[in-house]
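Colleague: Fit chain B to the known structure of chain A by using the hints.
Going down the list, the sequences are from chains A and B. Count the first sequence with my numbering and you get residues 1 to 295, in order. Count the second sequence with my numbering and you get residues 1 to 318, in order.
No lab work stands behind these hints, which were simulated from the structure alone. On a predicted model such as this, the values are computed, not experimentally measured, just so you know. We put the beta carbon where it would ideally sit given N, CA and C, even for glycine. Check each hint, because a few of them may be wrong.
As the list claims (entries may be wrong) - Between beta-carbon pairs, the in silico distance windows are:
(1) Arg204/A with Arg73/B: 29 to 39 angstroms
(2) Val76/B with Ser150/A: 29 to 39 angstroms
(3) Arg73/B with Val27/A: 33 to 43 angstroms
(4) Ala9/B with Pro212/A: 34 to 44 angstroms
(5) Arg73/B with Leu26/A: 33 to 43 angstroms
To be verified - Cross-link-like lysine to any residue pairs, in silico, SDA-like; alpha carbons within 20 angstroms at most:
(6) Lys118/A with Gly262/B
(7) Lys171/B with Ala191/A
(8) Lys164/B with Gly154/B
(9) Lys183/B with Gly262/B
(10) Lys171/B with Glu152/B
(11) Lys118/A with Leu30/A
(12) Lys164/B with Val29/A
(13) Lys164/B with Arg179/B
(14) Lys118/A with Leu25/B
(15) Lys118/A with Val28/B
(16) Lys164/B with Leu30/A
(17) Lys171/B with Trp59/A
Unchecked claim - To spell it out: a stretch of chain A is covered by chain B in this simulated footprint if at least three of its residues, at any positions, have a beta carbon under 8 angstroms from a beta carbon of chain B; those stretches are:
(18) 22-30
(19) 262-274
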Amino acid sequence: MTGAPAVKRGRRGVRMSSSSRAVLYLVLVLFAAGYLLPMYVMVVTSSKDFAEVSLATMWELPRQFSLDSFSRAWFGSREQGYTGLNDKFFNSVQLVIPAATLSSLLGSLNGYVFAKWKFRYSNLLFMLFIFGMFIPYQSVLIPLVQVLMSVGLYGTIPGLVLVHVIYGIPITTLIFRNYYAAIPTDLIEAARIDGAGFYGIYRRVLMPLSIPGFVVALIWQFTSIWNDFLFAVVITQNPAVQPITVGLNNLAGSYIVEWNVQMAGALLAALPTLVVYIILGRYFLRGLLAGSLKG
Amino acid sequence: MQRSTPAWAVAVTLKRSLARRKTSLDRVLAILTLAPSAAAVSLFVYAFIAWTGFVSLTRWRGVIPDYAWAGLRNYVRLFQHERFQTDLRNTVVFTAVFLTGCLVVGFLLAVLLDQRVAGEGLFRTVFLAPMAVSFVVTGVVWRWMLNPGTPETGYVGINLLLDKIGLGLLKSGWYTDPRIGIKAVALAAAWQMSGYVMALYLAGLRGIPEELREAARVDGATEIQIYRRVIIPLLRPITLGAVIVLGHISLKVFDLVAAMTGSGLGFSTDVPAYFMWDTTFRGNNFNQGAAIAVVLLVMVAVLIVPYLIYTMRSEAEI
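Isolated chain A (complex conformation):
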């Protein structure tokens, strides 16, 4: 993916004067400030008291720090007539843990077969899998709703788990297939000669080597399932089972709600994936590059 580290360091910008270095840093800092602007707005606005929130002062720091908006976004407000995000947050947790785990497991098995047990037309089949990653989900929504209704999974969290596991297969298969393709086939051959079978090789050779692959797939699935809105809004009409993205959208859609509560809600919805990203950003990046089809 990246060049050899020895070459990487100390090569570019050979003839750069200190003044152009200063310009370089200035431009980068300005860009970074621009990228952080929405985060700034979220943090600043959500730590203001309602009395202090107005469009005219949105860029200013709070005069008095207040956590009131977070508690309102979390617990809701009966007198204002909106429900909080706490239930929805836990709905998302209940959704994302089984869905990300199951789709990663499936993806690793599929990737193992596609990388190391090629058969006739396996490449064509792989391509048919991958195409599923790019389809607009609108083209499957109508039958999906009908099928989920007929099996009693419509409007339930398990139904949403099923949907995310199935539509996660293409990307997780791709991630693991690329990951396993980089593992020498000699290793598999050696294990085979030592008598290991299909699952033996998977369990004793590939699984132990797969930890980084699993981290990438899990983070990727965690992020995209947590952030999903389309499946959530179509499949869960009932507020009691809605994930946090739908909850946030409803919170922001009701006219009574104050901006500070909305920003606190947005921060609550963004926090889990942001934390994962900040801690494990390297693996997130690898999933990103896998998504562009180049492992």
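Modeller: Showing chain B alone in chain A's frame:
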């Protein structure tokens, strides 16, 4: 005198033949392992697509399915529908702004970060952070930032900020102005996705050997010329990959529009994916929704299928 085969060689031969016999069983196991996923993908992707295609040819309006044949009527009506025509125009504008923004800014950031910058990791983290966030969050936050304000409040949000830093001439009605509404939405999308392009280009730049630059320098090329004549052409596969991924995102964009503006004034920020959801699940016009879905799928397939075939072929050659 005949030399006897050493015992270890016998053992290896035996093991090999045993392994070979096991191979056929292993192949069966491999295919069985893949079977559930293959079944799920054929049903949930391919059969569902066919099903949607079928619904798009029926008269199904209302809550109860109605499979009476309608032929291509839904498609004819769809393309005559003013809202859908607006949607297609919006998609073109959105794609143009979003792609240009992401590619230009992403490339620029990658080049800047490639100059042996102190704190590179920190900058990278900042530029990529928006990608970790949901489009719904982006929509909610940017709706507030791009609020142009009213005569009572005066300029607010980005407009106020632009005013304060002396760039007041860039002030705009943003998504409240029907002429530029969809561009404002594309701006928020570019904020979210440009870090992705930066990551792709940065990985690509790091893969270009320094000797190539040196050779060009020896030939008297300026740094700008090196980028124009050497680096950018070498990065073409990455640009293509980015265009494909961003392009399919922009054709499908839904959540950002739903959270930020909805259809907008006079459908000024409406897009096909939003129209599909609106007409199907709010309006119960399942036939029309299915037709929109099929058009969307065709647009994405035209972009993706040639690229997939190309990628698989070039991979098979290696």
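Colleague: If a hint holds in the structure, say so; if it doesn't, say that too.
Modeller: Evaluated hints:
no., hint, in the structure
1, Arg204/A with Arg73/B: 29 to 39 angstroms, "60 angstroms, violated"
2, Val76/B with Ser150/A: 29 to 39 angstroms, "31 angstroms, holds"
3, Arg73/B with Val27/A: 33 to 43 angstroms, "55 angstroms, violated"
4, Ala9/B with Pro212/A: 34 to 44 angstroms, "39 angstroms, holds"
5, Arg73/B with Leu26/A: 33 to 43 angstroms, "60 angstroms, violated"
6, Lys118/A with Gly262/B, "46 angstroms, violated"
7, Lys171/B with Ala191/A, "66 angstroms, violated"
8, Lys164/B with Gly154/B, "13 angstroms, holds"
9, Lys183/B with Gly262/B, "14 angstroms, holds"
10, Lys171/B with Glu152/B, "17 angstroms, holds"
11, Lys118/A with Leu30/A, "50 angstroms, violated"
12, Lys164/B with Val29/A, "19 angstroms, holds"
13, Lys164/B with Arg179/B, "25 angstroms, violated"
14, Lys118/A with Leu25/B, "14 angstroms, holds"
15, Lys118/A with Val28/B, "12 angstroms, holds"
16, Lys164/B with Leu30/A, "16 angstroms, holds"
17, Lys171/B with Trp59/A, "16 angstroms, holds"
18, 22-30, "holds (count 4)"
19, 262-274, "holds (count 8)"
The structure fails to meet hints 1, 3, 5, 6, 7, 11 and 13 from the earlier list, while all remaining hints are met.
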